[in-house]
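Keeping the supplied structure of chain Z fixed, place chain S upon it in accordance with the hints.
One-letter residues, chain by chain:
There are 2 protein chains.
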Amino acid sequence: MRLSTLALALAFPLVAAAAPTTIPDAAMKTAAELRERALADTLAWEITEGLTTEVGPRLAGSEADARAREWMIARFKALGFDKVWTEPVTYPKWVRRSEHAEIVSPFPQPLALTALGYSAATPDGGLRAEVVAFESLEALQAAAREAVEGRIVYIGTTRMDEKAGRGYGQGSQVRGRGPSLASSKGAAAFLLRSVGPEDTRLPHTGVTRFEDGVAAIPAAALSNPDADQLERILKRGQPVVLRLALDCGIEGEYTGANVIAEMRGRSRPNEYYLTGGHLDSWDLGTGAVDDAAGIAIATAAAHLIAQLPKRPARSIRVVAFANEEAGLYGGREYAEKHRKEIARAILGSESDAGSDRIVKLTATVKPEARGAIDRIAEALAPLGIEYDRNAPGAGGSDLSAVHAVGMAGLSLHQDTTRYFAWHHTANDTLDKVDLEQLRQNVAAYAVAMYLAAEAKGDFGSKPGAFARKP
Amino acid sequence: MRLSTLALALAFPLVAAAAPTTIPDAAMKTAAELRERALADTLAWEITEGLTTEVGPRLAGSEADARAREWMIARFKALGFDKVWTEPVTYPKWVRRSEHAEIVSPFPQPLALTALGYSAATPDGGLRAEVVAFESLEALQAAAREAVEGRIVYIGTTRMDEKAGRGYGQGSQVRGRGPSLASSKGAAAFLLRSVGPEDTRLPHTGVTRFEDGVAAIPAAALSNPDADQLERILKRGQPVVLRLALDCGIEGEYTGANVIAEMRGRSRPNEYYLTGGHLDSWDLGTGAVDDAAGIAIATAAAHLIAQLPKRPARSIRVVAFANEEAGLYGGREYAEKHRKEIARAILGSESDAGSDRIVKLTATVKPEARGAIDRIAEALAPLGIEYDRNAPGAGGSDLSAVHAVGMAGLSLHQDTTRYFAWHHTANDTLDKVDLEQLRQNVAAYAVAMYLAAEAKGDFGSKPGAFARKP
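The listed protein sequences correspond, in order, to chains Z and S.
Residues 214 to 683, numbered by our numbering, are exactly what the first sequence covers, in order.
Residues 214 to 683, numbered by our numbering, are exactly what the second sequence covers, in order.
Here chain Z stands alone, though its shape is the one from the complex:
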């Protein structure tokens, strides 16, 4: 036996001996009981109803945002969480006061639109300018400055349309990058078609971002019927002049907070399953599907687990994240603050895609923990949840930054058909939440969180564990 062979023989068993993470059979039995109890639970509904009714819209940085934190702290305490605290999150404070648009010529009439987050205001008395339309960001990029300068740039190819293969990501690119690109070419303002699938006059907001050194300009989304109308008028070939009056903009910095509650584990309380949703909402609706429901699902699931006769080994930590909408501020702050001790966050799942049924499980964990995820999938199957064993699962929007610094992720993918019709619009209200589907979500979260918290072995969380390959 040569030395190299000996070395290999010594080394290989060490690698192979990295013990697989397992789920005890007793835990599977408890999970099945949790699942049934969750399907009859009403706490998630009560939290969704309470937050959307008693606080309502809660734009990050607004007075209502502060009331939402107080509401959430009180609710966590009333539910008996072992520890409730906040961690500050600072971000630019953007405000929306009023918004109005009209076609001045050739066919005077109002248009329904809504400013994008971080949009600048129009000058006092509003802004009048001619519209110039582009088919895409690439076409705008290719345009000469003279074709853009002083005009209102419009891109209308952002409607969500499954038949045409256009989704939310594609439209969000235009929303995120279009205003800055238009401004860099001297545009007076930027308009896009709502990034949504609905023929409703309620426009879809969302955040945009101006690159360093590029002046913020007024930027807004037309509802789909209004975008249709503008396009019909543009097609007639006469110059189209709009008047925009947007009273909105950044007003300094604001320090809000992530609101955090923990249910202590039985034997390894310093390790925790990380779950939650985001506490802020856009101001147009009451943020029921985006994301009161998410907070409610995570909280109700944690609460059910806390009621068990025997707690799981590890803790459950619920975070109501600050200012997700304008740029994942709460999630990024959490990742930064907890980066060094990220191994303590054994696995994470956030709920931020509405309240409709969970249809699929995916996860990103170390290979030795795949068998434990298989067991979680087995416990979720009675809820009609499929398991895609090969797809990644980063755990949700606010957890993307936490995953990026090394937390293992488990994603419970919802049916988002109705979510994309309503979120970011005035239609995001409680009537859109379906109690039975909400309960199925609670059941799935309770099962996954409990089993992971009770697992023998970890899921691979450690600093830098899941960094993307360059």
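Honestly, the hints are just simulated from the structure, not real lab data.
Take these hints with a grain of salt, some might be off.
Given that identical chains are not distinguished, each listed pair holds provided it fits within a single copy or across any two copies.
Claimed, not checked - No farther apart than 35 Å at their CA atoms in a straight line, the calculated lysine-lysine pairs in the DSBU-like style are these:
#1 Lys290 with Lys553
#2 Lys448 with Lys296
#3 Lys242 with Lys669
#4 Lys579 with Lys553
#5 Lys579 with Lys306
Chain S only, in chain Z's frame:
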């Protein structure tokens, strides 16, 4: 033979001999051709698209209302109608400038509402008052003045709900009579839940009416989700204070016009089939289903008939009625002006329930003309239109007054499911119009109008003919 018997013998044949109105076989053949041509026609779409795009919202008495008349006159002329004219219609001019509502306490947040037609404005700076809710007009009627005085009266039982058996008529009663009743008891304002079936944040407007001697007060409709929200908050039992700021009201009188176009008949041109729709719309949407489509259907059907190698015996008259929405002003003016010569209007059908498929035919005609209606029903059957031979048919909203002074009526009832979801809201826009269903409407109108205009004999129109029995 006694003299009396002789008289009876002479008289009886006269009564029996009142000749039945008939439809010639050749006309049935032409109607079948018209039907097929209508199903491939695009004129109704072009008119709907043109009026909603080039004029847009056209509140009666507004500057856009005047533009709509010019647009319609030009369109009728361009289509080659033999005569195009206007007949003045005068009414109170109501304007809407802005509207805003919010919950002041206990849970501050905005509410989506829209003022009702003829609502008064709130005082400068808005109105703050506590809400008092009633289950019905009867409950409000029974309330003591002290329970109402200075408060905002709310009635929330007005949602359209087929399962609960509540329809548009029931809600419209509350809308029409509630504000005046509340004002008579000293209420500061009146709110109701939108008279519509949709969970959308777009409230449903419509007209109200203050009785003589009763002061107009601010009156508005909350969207259904906002009404739900208000009710959830009221249920919590604390006093609920709202702030309303409605800038709207009556600004003197306005004289608009019915815009009328006629296609001359071959042999009896002084007699005419009366059809049309209303030219005004509520200002929230572009009035596509209510009622650009109606005008388009009637106009396109008349135009198809005008293109026949041989015109029907009688004329076809299309009326774009003025100010239907605030109280049938155009229809009532037409009835008054043409009352004495109403026998010339042999039969009438107006389209004012959207652009979806016609599902049923009914008519109110003299008994001797029932056989001719049977023949029309036969010609409509291939379009999937049922025939309810026993139900009345007054011809449509604007024609109700004309029918009341003696015009025979034929009603082509549409599937109104989608119509009631959208009309009177900002969602009444062109995207809601379905080309194929619109064409089916044109086919039905063309067939009915042609056959009646070509009938041998009349349908019973004469002054006072169809007056309701007391």
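Status of the hints after comparison with the structure:
1. For the identical chains of this complex, Lys290 and Lys553 are intra-copy neighbours only, at 28 Å inside a copy versus 79 Å across copies, given an alpha-carbon limit of 35 Å.
2. In this assembly of identical chains, the alpha carbons of Lys448 and Lys296 lie at most 35 Å apart only when taken from different copies (32 Å versus 61 Å within one copy).
3. For the homomeric pair Lys242 and Lys669, the shortest alpha-carbon distance inside one copy (16 Å) is at most 35 Å, but the shortest distance between copies (84 Å) is not.
4. For a Cα distance limit of 35 Å, the shortest separation of Lys579 from Lys553 inside one copy, 19 Å, qualifies, whereas the shortest one across copies, 90 Å, does not.
5. Taking the shortest alpha-carbon separations for Lys579 and Lys306, neither the intra-copy value of 39 Å nor the inter-copy value of 72 Å comes in at or below 35 Å.
Checked against the numbered hints above, the structure violates only hint 5.
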